[in-house]
Every structure is written in structure tokens, then in C-alpha cells.
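Given the coordinates of chain A, assemble chain B onto it according to the supplied hints.
Protein chains in written order, with this note's numbering: chain A, 38 to 267; chain B, 16 to 318.
Among the clues, some could well be false.
[Claimed, not checked] Chain B is faced by these chain A residues, among others (derived, beta-carbon under 8 Å):
#: 1; residue: I115
#: 2; residue: Y117
#: 3; residue: L132
#: 4; residue: Y143
#: 5; residue: A144
#: 6; residue: E146
#: 7; residue: S148
#: 8; residue: K151
#: 9; residue: L165
Note that these hints are calculated values from the structure, not bench results. All figures in this text were calculated on a predicted structure; none of them were measured in a lab. Backbone N, C-alpha and C define an ideal beta-carbon position, used for all residues, glycine too.
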Amino acid sequence: MIYFDHVTKIYEQNEGEKIEALNDVTLHIKPKEFVIIVGHSGAGKSTLIKTINREIKPDSGDVYVGGINYKDLKKRDIPYLRRKIGVVFQDYKLLPKKTVFENVSYALEVSGIKAKDIKERVPKILELVGLSKKSNSKPKELSGGERQRAAIARALVHQPRILIADEPTGNLDPKNAWGIIEILLKINQLGTTVLMTTHNQEIVNKLKKRVIVMKKGKISRDQEMGRYEE
Amino acid sequence: MTKFIRILKSGFSNFVRNGWLSVASITIMVLTLITMSMFLVVNVVLNTGIKSIQDKIDISVYFNDDAKQGDIIALQEDLADLEEVKTIKFVSKDEALKRYEEQNKDNPKLLESLKDTENPLPPSLEIKVYDPSKLDVLTPIFDNEKYKLIIHKVSYKENKTIIDKLFQATQFTKQVGVIATLAFTVTALVIIFNTVKMAIFTRKEEIDIMKLVGATPSFIKGPFLIEGAIYGVISTLISIMIIGTILYFLAPTLVHYFGGVGDDLSGFIRSNIVWLVFAQLFVGIFIGTVSSWLAVRKYVKIS
Numbered sequence: 038m039i040y041f042d043h044v045t046k047i048y049e050q051n052e053g054e055k056i057e058a059l060n061d062v063t064l065h066i067k068p069k070e071f072v073i074i075v076g077h078s079g080a081g082k083s084t085l086i087k088t089i090n091r092e093i094k095p096d097s098g099d100v101y102v103g104g105i106n107y108k109d110l111k112k113r114d115i116p117y118l119r120r121k122i123g124v125v126f127q128d129y130k131l132l133p134k135k136t137v138f139e140n141v142s143y144a145l146e147v148s149g150i151k152a153k154d155i156k157e158r159v160p161k162i163l164e165l166v167g168l169s170k171k172s173n174s175k176p177k178e179l180s181g182g183e184r185q186r187a188a189i190a191r192a193l194v195h196q197p198r199i200l201i202a203d204e205p206t207g208n209l210d211p212k213n214a215w216g217i218i219e220i221l222l223k224i225n226q227l228g229t230t231v232l233m234t235t236h237n238q239e240i241v242n243k244l245k246k247r248v249i250v251m252k253k254g255k256i257s258r259d260q261e262m263g264r265y266e267e
Numbered sequence: 016m017t018k019f020i021r022i023l024k025s026g027f028s029n030f031v032r033n034g035w036l037s038v039a040s041i042t043i044m045v046l047t048l049i050t051m052s053m054f055l056v057v058n059v060v061l062n063t064g065i066k067s068i069q070d071k072i073d074i075s076v077y078f079n080d081d082a083k084q085g086d087i088i089a090l091q092e093d094l095a096d097l098e099e100v101k102t103i104k105f106v107s108k109d110e111a112l113k114r115y116e117e118q119n120k121d122n123p124k125l126l127e128s129l130k131d132t133e134n135p136l137p138p139s140l141e142i143k144v145y146d147p148s149k150l151d152v153l154t155p156i157f158d159n160e161k162y163k164l165i166i167h168k169v170s171y172k173e174n175k176t177i178i179d180k181l182f183q184a185t186q187f188t189k190q191v192g193v194i195a196t197l198a199f200t201v202t203a204l205v206i207i208f209n210t211v212k213m214a215i216f217t218r219k220e221e222i223d224i225m226k227l228v229g230a231t232p233s234f235i236k237g238p239f240l241i242e243g244a245i246y247g248v249i250s251t252l253i254s255i256m257i258i259g260t261i262l263y264f265l266a267p268t269l270v271h272y273f274g275g276v277g278d279d280l281s282g283f284i285r286s287n288i289v290w291l292v293f294a295q296l297f298v299g300i301f302i303g304t305v306s307s308w309l310a311v312r313k314y315v316k317i318s
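Okay, chain A solo, but in the shape it has when bound (with noise of 0.2 Å):
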């Protein structure tokens, strides 16, 4: 589903001083996986993310998603890649104009799907998430749960092969951030490969998942069913 060649992702600061994001690193994620990344702030979590999601474009290494190189892959090609692969983003990254109904509506929308079928759908996920009742609210008069909710609903309304959500439960506190958790898992039974990072400890151990930790962009440990360690 995923796969990572020998990538590398090297930022230069100001006065020369070099940050290596990626530092050639080897990944593989199969499809229907719940994989987990954890790691410190600069470990190379985000731009791993931003890596696939091609918002990032790697200084060497190949990357591969759904069978497609990142190295043929055209400028005007990017927008239908995104539209295949949902992302969650930590500050949500929601309209702020638009009520939740617009918000999910208009990743559709910029596929072209047709109005009847957005009407269908939109409330489907958005039950699935938990907010049919906040549909027409803006994402100023929604909670930092609520607006989790949406910008999962919204990454997820394509029906996408892959979901990437970046610290979804960074802003939440433990029972909201337990019910976005919940969603994740939810969807992954369906059928949907799920990559997340996150900084919280007692999610990681809890989830018994596949951990990938991360340390100055390098991969320092990935284990099956892994836990939480320093």
C-alpha cells in the first residue's frame, strides 16, 4: 500500500544549519494495516505525513503509494492523488466560512460528484462520526471533539484506501480523545489502511497495534502489537 525506499527529507535553516527530517528511511505498511508512529516533536512524524500525502517532495528515495512512483507523478496529477488518500490534520484545517455539512460536501465537490449524491452521503458520514446534529454549525461553534469529528468526516467521505491523521487526539482530552480513536478503529475494520501519529502514551499501549518509532528522522523501532517506550 505503502512504501518507503531509502527517502530523504533534509530542511536547511537559516544560517546553514541542516535538520534531516527523513534520514534514509525504509517503510512498508500493507494494506487494511492500523499503524501507529510515535516520537518526540522533530522526530520526522509530520514530514513522513506530509510526505505521502505529497505536500513534501523528498530530496532522494522513492515512495510509492497504491502502486504509483511519487517520482512520475505529474504537478496536475497531485490534486486526484489527494483525493484518494484522507488526511486528518492536527488543527483540523476546516473551512472556516463553511458549517460541517459544506466542509465534508466540498471534498466531493471538487471531484465533480453530483449534488444527489453528496446529499446521500454527507449524512452517512456524518453519523458515522457522531454529528448529525451539529451538520449545520460552523467550526467556530463546534468543540476541538466536534471539529476532530468533521475533519475525520470529511477526509473520509471519499471512501479513501488510506486515512492519515497527524496527532488527531493532540488537542483532546481523553474522553473525546477515546471517541476519535474509536472512529479511527471503526473504519479501519472497514476495511480502510489507517496511519497515525500521536504523542499520547496510554492510546499506543492501549491499542496494541503496530508501533513505528521515530527519532531524528530516522526509524529507531517497529514492532507488531508494540507499546509506549522512552
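Relative to chain A, chain B alone:
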């Protein structure tokens, strides 16, 4: 088609949601359109004025009483050969007297005194040229030895200085009009571009999100262009209403003070109202969409 309707809808709802930025953009565009239209109107006033002055600039060649008909005809033919010459009219002594009598019909004493003497008025040629700035081309003909003897006086030589000064003044006014119009248009373009850019800058994050959920650049740009076009249409409506109101109250005053110019102006407005609306609509939509396109272009690029 579905996509186009979506872009259209999204453009309209952005326009409504943007509130004060829409109002700011429209205000600036209305000012631009009014300024441009007013310069257009001022140009009409100036051109009409210049035209009426130019029509009045003609040359009269007065002949000696003993000038032979043949020589006058020869001069007339020589002048007619010049492409600068528009019309030539021969005014005989009798005709000149008739005109003089007509002009002074309210002064019976003067007319009475004329009856006692022989007709004192000379025969003449009245010449009109296409371009009064090129009167000089006629000089060599008048200076020709052949005609020098029969010509008593050429009127333009006396009036030349006045004509030249007048002409310079009208040219200058015209140039100022063109330069001022251009300067205003450029200023307006820059102001609107920056207003739209500011509007887009505040929505930079929104554009980034659109890119991240897989919107193509044209799908993102579309609503902004529609929004720009809406600014243009609404601004045109407002500007036409304001200009209409101003002219409605101003036209009678203009007619009163300037006579012909005022008539020309209201006539111009009446016969060109459709054209004026379309020109404003074109300029408004052009400025709106082009400045939106220029402003949003940088932000929608996918790297």
C-alpha cells in the same frame, strides 16, 4: 457543467460572505468607473468645443477690385489641388454685400449710408481646411508672383497668431485629458489589485485547505474570478446610476452656460447610453477578474 455551476455558486456565496471586503472593492471600482466615464464626458465636451473652434477657422482671400475672373479661377483650381483643402467658396462682390446687409439688418442707418456709395466690399475666396494646424501649406500659393498682384489681403495672416495660440491650447487640454485618464486607470487597477490581494491573503489558509482536500487550481481560482466579475457588474450598476443622476441635474446648467456643448452632451449620453453601459461593464469585469486572477495566481500554485 456540475463543476461550473459549483464555481458560480461558490463565487456568489463568497461575495456575500466577504462582507466589508466586497464593499471596499466595489467602492473603489465605482470610483474608477465614474472617474473614467467623467473623463470620457469631459473629452466629449472638449472635442465639441475644439470642433466648433476648428470649424470657425477658415481663411478668406480678398481680391483687388480689378482682379480678373480668370486669375481667381486659376487660384481656386491651384488650391483645390491641395489635399489639405476641404472646401473653397467664391464670394462675389454682390454676395458679400448681401451678407453684410443681412448681418447689419438691425442697423438701418449703416445700410442707408451704403446705398449712396459704390459697393466697397471686395470679392473673396473662403477656404476651409481639414486640419487647421497645416494652414502653412497654403502660404507658397498666396506668395506666388502670379497671384500676388490680384490678392488684396489674406485674413489668416492677421489671425494666424491667435489661431496658433488657440490651437496650442486645445492640443494641450486634449493631452492633459488623455494623460489624466491613463493615470487614473492605472491607479485604480493598482488599488483594486491590492484590495483583492488583501482579500485573498486573509483567505490564504482557506486556499491551502482547498489544495489539501484535492481541489484543482482552476476549481480554487474559479470562485475568485466570479467574485471579481460580480464586483464589476455591481459597480457598473451603481456607477451608471450615479452618473445618470449627476448628468440629469447638470445637463440643463451646461446647456444654459455653454449652449451647444450642453446639447451635444445630453445628445451624446442619449445616443451612447448602451455603449457607455457596455464599456463600463467590460472595464469593470475586466478589472475585477484580471486583478483577482493576478492576486490569486500565486497562492493556488501546487509546488
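Looking at the structure, which of the earlier hints fail to hold? 9
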